[in-house]
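Residue strings, one per chain:
4 protein chains.
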Amino acid sequence: MRIPVQPMAAKMALGRLGARGRQLVAASLASAILLSPAVRADQSGLAMEINKRGEKTLEFDWPMVRVGTGEYPAGPTGVTVFHFKRKVLGAVDVSGGAPGTVNAEFLKLGYDLPELDSVVLSGGSWYGLETATAVATALKDDGVRDGYAFGEDPNIALSVGSIIYDFGSRRLNEIYPDKRLAQAAYRAAETGWFPQGSAGAGRMALSGVFFGCNAHSGQGGAFRQLGDLKIAAFTVVNSLGVITDRDGNTVACYPGKNWPEDLRTADLMQDFPRSRAEGWAGVSADDRNKNHNTTVSLVVVNQKLPHAQLQRLAKQVHASMSRGIQPFATQFDGDVLYAVSTGEMEATADDAMSSADLGAVASEVMWDAILSSVPEQPQVVPAKDTPVPAKVLRDYQGDYHFSRFVTLRVQRKGDRLFARSIGERDAYTIGRDKAVELQPVSSTRFTVPGRFPLVLDFSREDELVINPGQWQQLGEKI
Amino acid sequence: MRIPVQPMAAKMALGRLGARGRQLVAASLASAILLSPAVRADQSGLAMEINKRGEKTLEFDWPMVRVGTGEYPAGPTGVTVFHFKRKVLGAVDVSGGAPGTVNAEFLKLGYDLPELDSVVLSGGSWYGLETATAVATALKDDGVRDGYAFGEDPNIALSVGSIIYDFGSRRLNEIYPDKRLAQAAYRAAETGWFPQGSAGAGRMALSGVFFGCNAHSGQGGAFRQLGDLKIAAFTVVNSLGVITDRDGNTVACYPGKNWPEDLRTADLMQDFPRSRAEGWAGVSADDRNKNHNTTVSLVVVNQKLPHAQLQRLAKQVHASMSRGIQPFATQFDGDVLYAVSTGEMEATADDAMSSADLGAVASEVMWDAILSSVPEQPQVVPAKDTPVPAKVLRDYQGDYHFSRFVTLRVQRKGDRLFARSIGERDAYTIGRDKAVELQPVSSTRFTVPGRFPLVLDFSREDELVINPGQWQQLGEKI
Amino acid sequence: MRIPVQPMAAKMALGRLGARGRQLVAASLASAILLSPAVRADQSGLAMEINKRGEKTLEFDWPMVRVGTGEYPAGPTGVTVFHFKRKVLGAVDVSGGAPGTVNAEFLKLGYDLPELDSVVLSGGSWYGLETATAVATALKDDGVRDGYAFGEDPNIALSVGSIIYDFGSRRLNEIYPDKRLAQAAYRAAETGWFPQGSAGAGRMALSGVFFGCNAHSGQGGAFRQLGDLKIAAFTVVNSLGVITDRDGNTVACYPGKNWPEDLRTADLMQDFPRSRAEGWAGVSADDRNKNHNTTVSLVVVNQKLPHAQLQRLAKQVHASMSRGIQPFATQFDGDVLYAVSTGEMEATADDAMSSADLGAVASEVMWDAILSSVPEQPQVVPAKDTPVPAKVLRDYQGDYHFSRFVTLRVQRKGDRLFARSIGERDAYTIGRDKAVELQPVSSTRFTVPGRFPLVLDFSREDELVINPGQWQQLGEKI
Amino acid sequence: MRIPVQPMAAKMALGRLGARGRQLVAASLASAILLSPAVRADQSGLAMEINKRGEKTLEFDWPMVRVGTGEYPAGPTGVTVFHFKRKVLGAVDVSGGAPGTVNAEFLKLGYDLPELDSVVLSGGSWYGLETATAVATALKDDGVRDGYAFGEDPNIALSVGSIIYDFGSRRLNEIYPDKRLAQAAYRAAETGWFPQGSAGAGRMALSGVFFGCNAHSGQGGAFRQLGDLKIAAFTVVNSLGVITDRDGNTVACYPGKNWPEDLRTADLMQDFPRSRAEGWAGVSADDRNKNHNTTVSLVVVNQKLPHAQLQRLAKQVHASMSRGIQPFATQFDGDVLYAVSTGEMEATADDAMSSADLGAVASEVMWDAILSSVPEQPQVVPAKDTPVPAKVLRDYQGDYHFSRFVTLRVQRKGDRLFARSIGERDAYTIGRDKAVELQPVSSTRFTVPGRFPLVLDFSREDELVINPGQWQQLGEKI
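Protein chains in written order, with the working numbering: chain W, 13 to 490; chain V, 13 to 490; chain E, 13 to 490; chain U, 13 to 490.
Chain W extracted, bound-state conformation:
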């Protein structure tokens, strides 16, 4: 599903923008530049993608669980809304040192009464918490929850949520998932699906920063049914730690120099800090920044559980994630896990389990979810010895504006092309100190060789696209 806020702007995510679309995007970006009280950053013109299917999609049969995603491709960044068909029981476990939460306190009071309407996971760091409150107000505005308690029934929407940090070294702008995006995602929520990889809240996630891996991650989901018992696990992995499979392999990592092909997490961990010293050899200081990770998760069971046991389930599953993500629950992660019991299956049913057994199964489902969060990784593209005509290079020259903080100056020197960051921030490995050479891959594409993929695409008119594809950054010539 796709909501064309502005007919042309909507194309932005798909490819070349028309003139009007470009103006529109430029206008919204430019608004950040002047930043007088009159001209503030304004996201109201940004194109949205709603319920975009990703590389992979989990399909599962559970009418109680509705999922909607909203993305701003211009970030990229996004939000994932879980909305339950009726109020459910919720619990929360906070284990990271930099969490963002809405209404977590209420979930900790231990009431057995189902009160929870939705769990919202989002990009945008603390700014993205706007999505959690937005779903609550959408529930009210749409008349699903009326804000008034008729008789005994509580009828105020309870929406909780948490966020990942997807700014900083991940991208060159500060667009965040906002009220408009979240309400659109909520209203488009459907049952039976969950997009995996670079989608929803996991649109611009990274993992393994602890060892300098800096691999793309995203959101993962898995589902298991045992008789009548249903368990679903969802997670947005933006972790300091590396993702690890059940055989101990590091699943996604741009390896450091001299690292073995078959990288094993146990080796990295046991050899730490030496392993990282080597791993960090090619990593910029910016990328080493530590405060900016988080894994936010949700586990849903259909078995009725008293709150105290649902809380135990949350603890057990959250701790178990230390297997699939290493290290986990650090000061520099904001890890939060929500646990939900829909109460559709009685605790006395044949397929019901103790909280510990349920936790054991759910921990495995969660591990599957973690593994499914990894998208296909872009490859490092080697430079080629392809001379590009000076006339062409001259066309590429100019200042490209990416956001309030990032502008790139591209300059030709003879038959070589150079780039330097002239804004407040570096653009990946293109720093502010001195210009780096852009080495040709083709006549329109260039790279700066290094540990991580970095492609600069000049094929669009008056635009520079860095890392074309899912995580691309768009610079407007100014």
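Calculated directly from the structure, the hints in this document are not laboratory data. Hints are not guaranteed to be accurate.
The list makes no distinction among identical chains, and a pair is therefore deemed to hold if it is satisfied within one copy or across any two copies.
Claimed, not checked - Once the Cα atoms are required to be at most 35 Å apart in a straight line, the calculated DSBU-like pairs of lysine-lysine come out as: (1) K396 to K99; (2) K396 to K425; (3) K99 to K446; (4) K64 to K403; (5) K316 to K489; (6) K99 to K120; (7) K316 to K269.
Being a predicted model, the structure only gives us computed values, none of them experimental.
Take the given structure of chain W and dock chains V, E and U to it, following the hints.
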């Protein structure tokens, strides 16, 4: 300060609306009626009042503390934004059984690093939490916090907040303080002032429901300076308990039958549950609804404190409020207190205090704040033996639409006027079961005699105003 | 009831000790002096008083609640054991900044299963926690709980407990309630009674140190029955704050200079810190020591409550104690409150209440309990112009050993008597710097005039009794 | 070191007891039988083993950390005392659903002031908490902490502690580590050592009950030094989960039928609940009892950390244990981890680390500690076709008393020997319903074939030893 979103609509709070203004309000209210996905409740046309001066204003000299208020007179409901000139240290204590919070978890981690930008208190129950996230995104959109950490400094806005329930028996609509209102209030924030009574987040508060007092309360603030030490306390009192002064008197209460003039809280409490049985004699079942109270508070000191001691201060001051509000911290209150240290005065300064001493002073300042939250109460207006011409009464006949849930049918029978609620909810003591007589106070004003003031004003064309004044409810003839 | 561990030593609490008894006490005290590994402080010879009736006794009819007290008069110090006839549901609220707890974590997990056997309140600061574990092991040793779970029933004893600090300026020794004392108290526990004042855990408590009041307090208890609903509240008040009645009067305080007869707490608080500056005029630095206060409490209801609501009850009642003790819940108090539901009355019973209503009543019962904790205060005895013969004074001369840290040197100079502390600590206002004159009250009793009572009694052979009576301190001539 | 409380009884752990020793043990065990108030279970005559060297000993150089262990071989059960040379900073993380704690609340207040003297880990379930309070009172009795604050320094001993459940299916008696044992262990504490395996608090531990593995575990310890940075980790593993090494192997497990030689935990977990259904085939209902597990741990660093960061370290390391023990942190475990900073190395030192880095290293040290907790496992001994003369078998006949709850009746039928439990509890797989045949291994040793080792040794006169060796159970012929 006042932001006339729609030039005419803005008048709504002041008195008679022009035709265009009425249409506008009607449109926004009507939007809730149909409630198809295409026509949702939409607050974007509602008039705002920003930084409205109330009956009383606390003036205090503290450049670090900026206060902005935003109100929707059509609720009425509102928000109070506290914004600190630079990041400050925060702590939180949750003692009620029905809290709403944004980012409380972070404040509990115990870091000594100042991270907090703003504390937002709001009406609107859980929906009003949108105001806390809105201030964070305003800080970003305005470029105050950029979402990116340059160097060592954290530069993501941290906004926390809590809410009161001001729906239900308090008013006849479900308008809530939203992103637009909160961002306007934040942007208008000023130093040196704080409006007391029916203002900001305390625009539509009630107190003493526990004993059926149902007196209007609001927001209170107080300030004390001892040498260089500064302490400010702010609170939005919407409490189940009754407000009590230092001599033990119940400060605001519509007394039950046969209650003494000089009502003492200790007597009410000690005599409970008998005292309430009597107190509740004239209180409708709706008004007895218990889940809908909350006192949310903020204490600010300029002394530098380690987080652990700031947390102790929060606990001590919060507990001390049990003196000024009785009962306090119940399951049916959502009491939350934030404590802030601006760190302007060193802990080694001459005027510095231990956390216990500081807590003792701050508890007194908080008590002052509680007392200052009480606005002047409307009086019960007795019916008069004034015959109103049948022709006039006929003009008053009609169905008056207050909100999606509340419509009043006014009918004349001979020379008497009757009203009945024909929507889903009662309108105060005008119920859905049978029509009650409206007894004249003047030719345009009527009352339904009872424990609480209830005035119906027909003086406006095609409108019915219930309880004209600060807390008035506006019904449109349909 | 009284357990004469050593036939003679047992007399110690009653009056003059025989020679053998004195030796025994001296031996146990002396053991602390040398303190080689071979000779450690050993309390095994101390006389105990079990279930001693105090000045006042609460009588109440509730077979589920058994109370036992144990005291070491030589401290004095003591323990109060609450043992429930069958396992009950428990919750805990910690609001002070210096708590001591056993097993509080378990009570916070929110299980609805009754698991709690006993709540133990004790003197002795953290050392006194030995009493809580001692009751658990007594339950096992006696075969009441067997340490093994047969079938589904949990059968391990769960004993929780908290302590007050009753050392320091309160007394001149470090005797603490230990395993032996607690097990004796548990085994002697009876239904229907609770001794008030200087008894059990409240044997050596003080209150109002915050304002220099330094009045004796103790343990209080109250009970209320409303139809079938039963509520009991117990508290050991050793508070920084002053005890206050429902009319606002400060209940117990040795007033500062020029303080009014009818001291009102609201005045002290509102006038703080000036009020304390005056109040502390005659208070020694030792007595101002702030870390040494605590109020530990227990509220018991017979209504069945889910854990979440029992927890709300604990919060509400604990906060309400801020009325009866001011200030309360400070960093320098270790306030802990346990809440217990015996579950004897169903939540659907006619007399059942919501947690908020229950909390309101229980808060009043707790206030009654606080007030009942105040024992009759010793009076300041004025010196008299009674010449005491020099020969008599000469007999009084000598070094009196009170404990490892306190020894008093009494010297005659002409017809006047002087005392100086020659150990590591002061003995009340008799300091280490210079000798103070002991002024005669009678030929055997002397005083040091001041704000607080201080009587030195030389009537026993080879002993000096300071403040003869309930809180007396015994010094052996060496 | 060894403390011969009773010269002969002390031999009990070493081999055959003399007559007087047997009487002594029998007396102490018999005391539990009658159980009148006059004759209670009394452990005062039990032989202790203090600082017994085990199979393996960790040696490490850290003068601040003193370790003492005390064991009752008759349990067997024990306690491990960690005592720090000076007060240190402590934090705690509780992640299991059935914890036992002393003073955990204080560690959660976030003060940066070092207050902690000792951490005590113990067997005996909640009864074993007596060991934590006992170390505090020993510190006082020995004059190390005096209970009084001279000047500014706090000088009250703070001892915290947690316990494991080592009763139930693990052994046939209810002996618990008590005050006497803990004080002896504290007083014998030495630096530089830590016994691994079946020692101290881990004397009678089990692991892997979740899958029916029921392997012996114990206490583990590991140490790593990186430059000046020191990290030690200690854990008592009595876990529901199975212990797992870095290659994914299940380290200790009596395998279920048809289980592979090289058992991998990932397979067990992923295949759960089917894997357990098979695993539990030969496990008695008693052994499946779920409430009786716990892993209690301690991590110590010498780097100075603010409390908030020490708390993060605790969280991270605790969560990481989910790798080495699977499942972990369940409702049926009482997992608690204490974290201590001795503050010997400044946070600004060259070798200092962030809390996340420190946590990563400490997590590995903790994994080493977990692995080192596994003692050598007893083997299942096959029955042999060795006829034992009937005359000999007749000698073995009789009732053997193991404890208050367990008595075994051994009867000869022809040339075969049978046993049945005639007390309240089963003795391992020898149940109460019907007699099972004891099959000869030699003329003095018999077995009941099954998944787990079960050896009955009749070689001692008038005694039956079950599972001779470290975990032996002694039955007295009556």
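Results for each hint:
1. K396 to K99: neither (58 Å within a copy, 50 Å between copies)
2. K396 to K425: Cα proximity of K396 and K425: one copy only (18 Å, versus 91 Å across).
3. K99 to K446: Classified as between: cross-chain Cα gap 34 Å, same-chain 57 Å, threshold 35 Å.
4. K64 to K403: neither (40 Å within a copy, 63 Å between copies)
5. K316 to K489: neither (57 Å within a copy, 48 Å between copies)
6. K99 to K120: Classified as both: same-chain Cα gap 17 Å, cross-chain 25 Å, threshold 35 Å.
7. K316 to K269: between (51 Å within a copy, 34 Å between copies)
Violated hints for the displayed structure, listed by number in ascending order: 1, 4, 5.
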